Amino acid sequence: MIIIVTLIVAIMLAAAISVVFFKDLLSAVIASCLVSLFASILFLFLQAPDVAMAEASIGAALITAIFMIALRRTRRYEE
Amino acid sequence: MSFLQNNIYYIGAFGLILIGLLIVLVKHNLIKVIIGLSIMDTGINLFLIAIGYLRNGTAPIFSSPEVESVLMVDPVPQALVLTAIVIGVAVLALALSLAIRLYKHFGTLDLRKIKELKW
Amino acid sequence: MRSVFSLILLVVIGAGVVFTLSSIPFGSTSSDVGEYYIDSGRADTGATNIVTSVVVGYRAFDTLGEVTVLFVAAIGLGAILAAGRENEEKKKAEWEPASLVLYTGCRFLFPLILLFGAYVFIHGHLTPGGGFQGGAIIASAFLMVYLGCRKKRISKTWARNTESISGLVFVVTGLTGLAVGGHYFLSNFLPEGTLNTLFSAGIIPIIYIAIGLKVGSELTGVIDDLIEESE
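Residue numbers (the numbering used here), protein chains in the order written: chain A, 1 to 79; chain B, 80 to 198; chain C, 199 to 429.
Some hints here could point you the wrong way.
[What the hints assert, rightly or not] Dumping the calculated DMTMM-like pairs for lysine to aspartate or glutamate here, alpha-carbon to alpha-carbon at most 20 Å:
1) B:183 / A:79
2) B:106 / B:189
3) C:354 / C:426
4) C:354 / C:422
5) B:192 / A:78
6) B:183 / A:78
7) B:106 / A:79
8) B:106 / A:24
9) A:23 / B:189
10) B:183 / C:426
11) B:106 / A:78
12) C:349 / C:422
13) B:192 / A:79
What the hints contain is simulated information worked out from the structure, not anything from laboratory work.
It should be emphasised that the depicted structure is a prediction, and the values quoted were computed from it without experimental measurement.
Can you build the whole structure from these sequences, using the hints too?
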């Protein structure tokens, strides 16, 4: 169990760090979606199913879509 | 191993908060700053839930009348975080709409080129 | 120069955090108020999901304020986007049509996702979930239709009416509780029923259904405004 949790935390932090380096903002948005998805798994491990449902439906789906719509209106690449 | 068992959730939560703060402080692109705020949001929620956790506890739901109330995790942080997540998405959408308006007005999202926002 | 300052600031904050966290042990703390809610939540509110009994039972007034914040944020977003739209020529939207598989899949999945969202907020007092999660699921169903079927749009008056009526139901339920049931806003005036059945917990299911419809229509409105802007 502790190994799985460590692995998930490591992937989550790696995705968060990769946001700093991406020049393509679409990749950065997908990486932040990954952060939310793994955070919702951690909420499930911490015995918070209500919060896990909210994080999975809002953090991973709606926020990503809102960012993508905003990117469509502005510029995709960071100058 | 026991260090990991005691601290792994704290490491994850504060890693997220510090990375989000780093993005907000260092990056110049407005959309990326907003992504940093969203990551910080997730980290703070994770930290609050981790504080309310009780070792070997169960979720605070009496799914059948026989369930005993011993060893349940704290429901208060879960209730607070639940509302914080929903508020988070609304505030994020508001920030993105401001970013869209700024892009329309200045033609760029670079904070160094938007004169009124220099720091 | 700025990066150096930022890194120094991060190191200072990180050191403070490590120092503070070394005094909070993981997995053993439990607050007194949490234990009280767990012990007497079922008797006080009749909801078997204690998180629900905290959100719409003990702290329902708080939730009303929080729904108001969501409402104000949605209005602000609409106003900010509408202010920039008026003096600008209308460009013709050039959507390429979605493929047949995507179109059919969206039309097939849309009612099922709506049904799942409704299930989540109607059973909020029994199982994990509730108004906020169910509302988000409903909004994601509309988002899928917007992305997959392209031309389909929800009617603005319909969404606005749903939102206003559900907000009104929340407030009227609270005022009725104040008048009939007890001495405080949103007190329970319906019978609590048997635990672990659908018709139990008094006014909690009514409020959670209202919250679910309100959050769902509000988030759908936010997505609708943003997509309209991007065309």
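Inset, instruction - Decide if the proposed pair is consistent with the structure: residue 183 of chain B and residue 78 of chain A, CA atoms, cutoff 20 Å inclusive. - result: 16 Å, holds
Inset, instruction - Below or equal to 20 Å on CA atoms is what counts here, so check residue 349 of chain C against residue 422 of chain C. - result: 12 Å, holds
Inset, instruction - Assess, step by step, whether the Cα of residue 183 of chain B is no farther than 20 Å from the Cα of residue 426 of chain C, and give holds or violated. - result: Measuring from Cα to Cα gives roughly 15 Å; hence the hint holds.
Legend entry - Hint consistency between residue 183 of chain B and residue 79 of chain A [alpha-carbon to alpha-carbon, up to 20 Å]: Between residue 183 of chain B and residue 79 of chain A the Cα gap is close to 17 Å, so the pair holds against 20 Å.
Inset, instruction - Please work out if residue 192 of chain B and residue 78 of chain A have their alpha carbons no farther apart than 20 Å. - result: 13 Å, holds
Inset, instruction - Verify the proposed pairing of residue 354 of chain C with residue 422 of chain C, using a straight-line Cα cut of 20 Å. - result: 9 Å, holds
Inset, instruction - Take the C-alpha atoms of residue 106 of chain B and residue 79 of chain A, compute the straight-line distance between them, and say whether it is at most 20 Å. - result: Since the Cα atoms of residue 106 of chain B and residue 79 of chain A sit roughly 11 Å apart, the hinted pair holds (cutoff 20 Å).
Inset, instruction - Would you check the hint for residue 23 of chain A and residue 189 of chain B, treating anything up to 20 Å between C-alpha atoms as holding? - result: 13 Å, holds
Legend entry - Satisfaction of hint between residue 79 of chain A and residue 192 of chain B, Cα-Cα up to 20 Å: Since the Cα atoms of residue 192 of chain B and residue 79 of chain A sit roughly 11 Å apart, the hinted pair holds (cutoff 20 Å).
Legend entry - Restraint check for residue 354 of chain C with residue 426 of chain C, where alpha carbons must lie at most 20 Å apart: Status holds; Cα separation ~12 Å.
Inset, instruction - Sort out whether residue 189 of chain B lies within 20 Å of residue 106 of chain B, counting only the CA atoms. - result: Holds: residue 106 of chain B and residue 189 of chain B sit about 9 Å apart, inside 20 Å.
Inset, instruction - Could you grab the alpha-carbon distance between residue 106 of chain B and residue 24 of chain A and see if it respects the 20 Å cut-off? - result: 13 Å, holds
Checked against the numbered hints above, the structure violates none of them.
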